[in-house]
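Between the sequences and the hints, there should be enough to build the whole structure, so can you do that?
Protein chains: 2
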Amino acid sequence: MFETLFDHIERKVLLTQQEKVIMESFFLPKELHRKEFLLVQGEHCKNLAFVVKGLLKTYNIDDKGNEHINLFAMEGWWASDMLSLFTGKPSNFSIDAIEDTDVLLLSLANYNSLLEKIPAMERYFRILYQNSLLTKDIRLMSASTHTAEEKYLSLALSHPDLMHRVPQNLIASYLGLAPETISRVKRKIKRNTAQ
Amino acid sequence: MFETLFDHIERKVLLTQQEKVIMESFFLPKELHRKEFLLVQGEHCKNLAFVVKGLLKTYNIDDKGNEHINLFAMEGWWASDMLSLFTGKPSNFSIDAIEDTDVLLLSLANYNSLLEKIPAMERYFRILYQNSLLTKDIRLMSASTHTAEEKYLSLALSHPDLMHRVPQNLIASYLGLAPETISRVKRKIKRNTAQ
DNA sequence: CGGATCGTTGATCAACTTCAACGGTCGTGG
DNA sequence: CCACGACCGTTGAAGTTGATCAACGATCCG
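For the protein sequence lines, the chains are A and B, in the order given. Mind the numbering: the first sequence is residues 3 to 197 in my numbering, read in order. Mind the numbering: the second sequence is residues 3 to 197 in my numbering, read in order.
For the record, the hints were derived by calculation from the structure and aren't laboratory data. The model shown is predicted, which means the values in this text are computed figures rather than measured ones. Incorrect hints may have been included.
Treat identical chains as interchangeable: a pair holds within one or across any two.
27 Å max Cα-Cα, derived BS3-like pairs, lysine-lysine [what the hints assert, rightly or not]:
id	residue 1	residue 2
1	K91	K14
2	K22	K119
3	K188	K119
4	K119	K190
Structure follows, in structure tokens:
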């Protein structure tokens, strides 16, 4: 369980053996099976979740009943509704499991203790968030400048693994497109690359 | 100059007098007048810029020659192309001044020294990035779920100050809409609220 | 077998863009 | 000081992209 976590953290910062022991006590392991919820929209988000194995999706259901996926979280990723977690307001997102998934839960109180007691973790999260910002910026740019086809191709290029693990209607939702649009884009690409 | 910087930082973390003295040596003050560039798309981004006074815009020009504003940075905001700064790759953004603007420049080397020498700054940037992530998430959601009218109203509500300082064609660019669309949205809102 | 889930295809529709023209305002140089 | 250009917003008409609606086929699995 914790090996994946420490592996991932130590790509950014180093931890002493003692720090690792302390950290283990902060996390609560949990297993989710396919379709099980980690967070339900409207409830209060209580944890950050580190994905050890499996695949989660974070999504919002809007007024018209449409689902919009905000994030896929695979092994080594964090999932949460941080806005709800930090403000205590009801969550705008649901999180559930696309595959059977193992997570390590970190409560807000433990998150704060962690940051206080282990300076390396302050650094870790700074770097993690810094990198996340870069990718969000790119997505944000892509959302308003790219065509449906460009969005699809760009995701297929940067995350080929996702395309295999996730049904296309979820990819569509993630890209802000209708499932039918994805289907048509794929056909068009096939036709173009065929000859 | 530095008062604005420290005021802003000390809303998140506390600094000792000694730390402030050290920090001052890391920053280079610079004045920009209206339309002057801080960064030109395609060049290498060398600095983080803290806006002391004025207003900057960060934007990308796409293949078709369209300008897409990524960020407005007013007093107390940071502007940079972090991807270019950290990777050394050519920048995807230009940054220029909408108003005459005073900035404090922080080079990559000084940014790293800062983080190393002053743990409070590690914490400051972790919190800064954490908050930025939240707002980016909201923008990202808004970009794919909201109509033109909703996007406009939501910005008008959350940043009324911007609407007064920035011409509408730039607002349009920021929201990923055509300037004409903003004009029509405004007319519609006026008609609806009139009676 | 039968239902659930997923992808495909066609037809229609709505939202927003694009193109073009015009009017107002502001600031600067002659 | 005023005239001109730059810049900005508005309006209309036409065009495009992608959404929506509906129907159908395939696959998977209990």
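Can you list which hints this structure breaks, lowest number first?
Hints 3, 4 contradicted; others consistent.
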